[in-house]
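> Spelled out from the first residue to the last, the chains are:
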Amino acid sequence: VSTEKRWLDELPSDSIERELLVAGKSVRPVDGALDAGWQAFCATSSAAPTAVLGGSAARTASVKAASGVAAKMGMGALSSAATIKSFAIGLALGVGVSGTSLVVQRVSRKDASSVAATQRAPAPTQSPAPALRQPSRAYSEPRAGSVAPSARPKGAEPAARNEPRPANRATLGELEASPLPSAATTATITTMKTSLSAQAGELALVKRLLDAGATAEALRRLKANFGTATPSALAEEREALFIQALAQAQQRAEARTRARQFVELYPRSPYIEVMRRRLAEE
Amino acid sequence: VIVRNSCLHLGGIRLDFEQIYRAHHDFVWRTLRRMGVSERDAMDARQKVFLIAHRGLGKFEGRSAVKTWLCGIALRVASDYRRSAVSRREVLMAEIPAAASCQAEQLRKLEEQERIATLDAILAKLPIEQRTVFVLFELEEVSGEQIAELLAVPEGTVRSRLRLARRAFSKILSERHARSVRIAAGGQP
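Line order of the protein sequences matches chains A and B. Convert by adding 231 to the 1-based position in the first sequence; the result is the number in this note's numbering. Convert by adding 1318 to the 1-based position in the second sequence; the result is the number in this note's numbering.
Since the hints were made in silico from the structure, they are not lab data. One or more of the hints may lead you astray.
Here are the computed lysine-lysine pairs in the BS3-like style, where the Cα-Cα straight-line distance is at most 27 Å [stated by the list, open to error]:
| no. | chain 1 | residue 1 | chain 2 | residue 2 |
| --- | --- | --- | --- | --- |
| 1 | B | K1377 | A | K236 |
| 2 | A | K256 | B | K1377 |
| 3 | A | K454 | B | K1427 |
| 4 | B | K1377 | B | K1443 |
| 5 | B | K1427 | B | K1443 |
| 6 | A | K236 | B | K1385 |
| 7 | A | K454 | B | K1443 |
| 8 | A | K256 | A | K236 |
| 9 | B | K1427 | A | K256 |
| 10 | B | K1385 | A | K256 |
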């Protein structure tokens, strides 16, 4: 056997081995996998290093990165209710057209008052590290975690470790542990509302990951950033995505259980038909 | 080699990571699939390969081709995957092609899927050393010299593994064929 000559060059033209080798050489991933993969890669590569920090430090870094990007994009932009709405619309479009009105209504009804809080929030001092080039297709919505900590200059410590946190910012991790809004202090309510845009951005990101087939990463992000106890105006959307992710990950039993709970908990949800279909399929 | 802003500068040629990703995406995916990563997990594994590569850009010294470097990472990711599958007590096997309707195009696709499933089933039975050499040399057209460098073995060892792999491949294929003939004749599998 020579390592100069391939087997394919030696096999008779009608051999089954040849057929199999030709098939093996020509197989490609499904259409669109490359672009979707690159988009998901841009998202995950900038988020992944936060996992090294672990626990609440990781969440802090993640949320800081998200809010840092928002501020960097002249938000300004995020300080208008219209932007928050469009942010939520982007998310809802990803999750399902029928969800759009619900999300917009929720955001405009519950979170108009958060605009002032967002405006007051100090801009993070963290300067963005050289980021990966974004995919050619531009996104209109801000991307959570698009600052790439992986590309942080050597020697620079992650901001989450040393920087004092602005007084009116809280991490999603802290929100998990916080009491329900009705019993919360004014400060907690403010921080929760401020983080709504970060949550919406994170959910949009998770949706893109699911579409790209990066199910494990999507599940990891959902579990890490959205504990079930998180008091959130987007809890319903989060749960719908979580169920979709579980189903994609073949965790059908848990997906079914959660879908059943979803139907009981949100009987008037725009996702209700999707959930019922899922239950019927099982 | 200079690494700057997720770019490799190799001998005066600038390669940004998106170019690397796009140029080698299919190769990485195919290598993972043929080395035993299931269709379901191939996309996640592919991302892992590129994430590792991206983090390791600074360590890439340009002594090997980018393709060989990525290939090394893909082989390690596939190896970890197989190991974790064992610890999860999953049985990795060729996937059954999804049922399709019998229209001409669907039929052609189905036949193609069956070939791939057969190929994977045969590869799954090869010892891993032979499988690695076979996949890289015969399917991905990596040179013998590069495989030897990648696996840190002499080129003679690559030749020997390749010879054994081809022989085993034909033998397994014949056995499968004989079995399907027996089944078609109404005998026991």
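> Which of the listed hints are not met by the structure?
1, 2, 3, 4, 7
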